[in-house]
Amino acid sequence: MIEKKPIIFLLLATATILVGTIITMVLPFRWINDPKLAIASVKPYTPLQLEGRDIYIREGCNNCHTQTVRPLLSDTERYGEYSKSGEFVYDQPFLWGSRRNGPDLARIGGKYPDAWHVKHMKDPRAMVPRSNMPSYDFLNRPLDTSLSEKKMKALKFPYTPADIQALQGKSEMDAIIAYMQKVGNDIPWRKTGKTEVLGELKNPFQDNMSVLPEGQKLYAEHCAQCHGIELKGEVGPDLRDMDQPDSKVFATIYSGIAAGGMPAFGDTLGKERTWKVVTYLKSVHKH
Amino acid sequence: MNQQEGYADDIVKGFVIWSMVWGLVAVLVGVFISFQIAFPQLNFPPYLTYGRLRPIHTNAGIFGWGIGSFMAFFIYITQRLTRTSLWSPGLAKAQLWLFNVVIALAAVTLAMGMNRSKEYAELEWPVASLVVVLWVIFAVNIVMTIVKRREEQMYISLWYILATLVGVAVLYLVNNASIPVSLTKSYSAYAGANDANVQWWYGHNAVAMVLTTPPLAIFYYFLPKATGVPIYSHRMGVIAFWSLIFMYLWTGAHHLLWAPVPDWVQTLAMAFSVMLIAPSWAAVFNGYFSMNGQWHQMRENYLVKFLIFGITFYGLQTLQGPSQSIRTFSAFIHFTDWVPGHVHMGTLGWVSLVLFAAIYYTIPRLYHTEIYSVGLANVHFWLVLTGQLIFSITMWIAGVQQAAMLNATNPDGSLHYSFIETMVELYPYWHMRALGGVIYLAGLLVFLYNIYQTIAGAKTQAVAQRA
Amino acid sequence: MDSASIYYLGVTLILFLAFAAIVARTYSKRHRDKGEEPKFRMMDDDKPKKDDHPEN
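Chains as they are written, first to last, in UniProt numbering: chain A, 1 to 287; chain B, 1 to 467; chain C, 1 to 56.
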């Protein structure tokens, strides 16, 4: 019957593939991005952020970096609050990615100061010794703004003439960093500076010289990028001859300083390793 | 050649040769980017970075090598199964030109960073529009040939061919919907979680309609031709056909497990992925049972070796795939190297082995000669098999290791490793993968040399006969 | 059981019946020879057929 009638066969095959298509691809449009479920604090991109996002797309960053934090311990502890559907309503296209050759970036916004990004994009291995990320030094070139206004109109994002004017003199590096500082930062999730450290803070390794090598190793991996391998300070301040009590240093590392661009390391280091870093820090002096 | 008398086969030659050219490009770029991952100094910005080259690798592989050779064999198979010459050889010639223009344009525009960012649908709208024209030309030619056929009943390969034609069209049109800003820039018509859901409905069904149904059409045709024995059960093929094309379309969201798309979409995708084992393995059994009493051909007939190893990798692929689609397992290995290991078992193992067999079978017939060297074909077989196994197995181990490290916690509940600590442990595996890629490339070069010599030999034979 | 569940169950049942019908038809005695015929005919396809289309 149908095996003798190719046109009827073609129609039947089409109907067959449309069943699953309609149920799992077309129907969800009814629920996803429903204005009733919108997150008020999530804002569209500014012209500079949008240009930065387009550079992210052009360079294929999504081939190595994902932008979804799954509600799993290994993701939320490492990257931050899990991703919500409502956070992506202005993302055309979405940039969730499929492979983490590098870390997830869904919560990169506000994690590091701009200066960190500039240094890292220029020479990733200067910051993260064994990173395999290419150098993006060439982004230090003028941003092409000829399409900026058309892009904002195409996506129906609000903007003012002043926003467009402000693009003058910006580099591609400025744009991509402006974009990254926005990613995942529209909902108040960051615990920086807020984590309460309960109980008496007493360094269990006080004057314990045997933990210094490990403390130094942890410092080199997690802290040296910003404070320099010799603690002289670069992106962050000089850490030699600190006259703060151990408990204060611990709290800063563990919870970060929101205003100062110091990330919280409590989730990655845990208490014990944080104390080892504290012990190492207090052992380094200028002379 | 007098096309009125026989089938329009000159055009098949063109598609086969050009698909091999793009296949070589895909593997060369693939090997290069595998070195870039292991040795980041090999990135040469702005054009030759991993981020820009990876889409060229996937597009050259899927569309250049895959679609190019499917066009060749759809034209070859359809004419024979309908006992009719091609509806319009002229149109097919135009199609070959357009095909090469599109793939070349794709490579150039992607290197320049014109990229929609949606995986396997990266091409900007002017190039994507040419792809649509190309597909319409192709589909019309094949469908018209089937309509005017001189064989009443359609063999199962034709079913898969027709499903491919309509399936690819629907997927490509929906996922490429764009808001153009200029000739070189556009934005996806969908936003956020909707865009993600559309993309992976497309992405996984590109696996169905490009990497499954066409190779199945080719397998079902060339296995009986190579062994000289009919397929085990045509009716089992029919049941598997309807089940396969029905179930595949539900499974896209298994790429989005734990992502912010509705849970019920994820659960359906998970269930249907597991159900897909049945129709997939029906094809595997059909292949194996066709070999009843013929297993000695695995030693004697190199074509059978390629085909049966191909369908075996298909069988393994369709067991591993559903297992990855289960939430708990996905939570562990998703985003790690496990997944590229899985993908390359399908593309290098299943799809390419079947295509190699089809090319070995058709080229000598199209040029009225014998294959240049069966010995070299065997060398080719073992090299590509070794290269592919090194690739896949090292990536599975790397994926499991990284997943385990990412999930390791300290007694106080904090994570034991930072991301970079888990990543630097992957370098030895990445070196192994690059080695696997080089071995695969060597195998491919042996294959191309063998085909080149076969064609060159046929031409000198023809000259000698005329003289 | 709410109406949605009944609806989903109904759709599942219909799909299953469609599948059963395809299997029953494909494997029916009447259809057996016809269903397996193409696999034999495809073995001989070296040349296009001429006879049944005299206009060519």
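Quick caveat, the hints were computed from the structure, so don't treat them as lab data.
For glycine and all other residues, C-beta sits at the position ideal for the given N, C-alpha and C.
Among the clues, some could well be false.
Said to hold, decoys possible - Below 30 Å or equal to it, Euclidean Cα-Cα: the simulated DSS-like pairs (lysine-lysine) are:
id	chain 1	residue 1	chain 2	residue 2
1	B	Lys459	A	Lys4
2	A	Lys232	A	Lys217
3	C	Lys34	B	Lys13
4	A	Lys217	C	Lys29
5	A	Lys5	C	Lys49
6	B	Lys93	A	Lys5
7	C	Lys47	B	Lys148
8	A	Lys36	A	Lys156
9	A	Lys282	A	Lys248
10	B	Lys13	C	Lys47
11	B	Lys459	B	Lys93
12	B	Lys148	A	Lys5
13	C	Lys47	B	Lys459
14	B	Lys225	C	Lys29
15	C	Lys47	A	Lys122
16	A	Lys5	B	Lys225
17	A	Lys271	A	Lys217
18	B	Lys225	C	Lys50
19	B	Lys93	C	Lys29
20	A	Lys119	C	Lys47
As the list claims (entries may be wrong) - Here are some chain B residues the structure puts well away from chain A; computed CB gaps all over 10 Å:
id	residue
21	Lys13
22	Leu24
23	Val25
24	Ala107
25	Asn115
26	Arg116
27	Tyr172
28	Trp242
29	Leu249
30	Thr251
31	Leu256
32	Phe329
33	Glu370
34	His431
35	Leu445
36	Ala462
Does Lys271 (chain A) pair with Lys217 (chain A) here, judged by a C-alpha cut-off of 30 Å? 16 Å, holds
Against chain A, does Leu445 (chain B) keep a CB gap of more than 10 Å to every residue? The claim holds: Leu445 (chain B) sits with its nearest Cβ about 27 Å from chain A, beyond 10 Å.
Hinted pair Lys13 (chain B) and Lys47 (chain C), Cα distance within 30 Å: 18 Å, holds
Given the hint that Lys93 (chain B) pairs with Lys5 (chain A), test it: the Cα-Cα distance must not exceed 30 Å. 28 Å, holds
Within a Cα-Cα threshold of 30 Å, do Lys119 (chain A) and Lys47 (chain C) meet the stated pairing? 69 Å, violated
Take a quick look at Leu256 (chain B) and tell me if its Cβ sits farther than 10 Å from every Cβ on chain A, holds or violated. 8 Å, violated
Verify that the Cβ of Leu249 (chain B) lies farther than 10 Å from every Cβ atom of chain A, and report whether the claim holds or is violated. At roughly 3 Å from the nearest Cβ of chain A, Leu249 (chain B) sits no farther out than 10 Å, so the non-interface label is violated.
So is Ala462 (chain B) really clear of chain A, every C-beta pair being over 10 Å apart? Given that every Cβ of chain A is farther than 10 Å from that of Ala462 (chain B), nearest at about 37 Å, it holds.
Within a Cα-Cα threshold of 30 Å, do Lys232 (chain A) and Lys217 (chain A) meet the stated pairing? Holds, at about 17 Å.
Is it correct that the beta-carbon of Tyr172 (chain B) has no partner in chain A closer than or equal to 10 Å? 13 Å, holds
Distance restraint between Lys47 (chain C) and Lys459 (chain B), which requires alpha-carbon spacing of 30 Å or less: 23 Å, holds
Regarding the pair Lys148 (chain B) and Lys5 (chain A), is the alpha-carbon distance no greater than 30 Å? 11 Å, holds
Checked against the numbered hints above, the structure breaks hints 1, 3, 4, 15, 19, 20, 25, 26, 28, 29, 30 and 31 and satisfies the rest.
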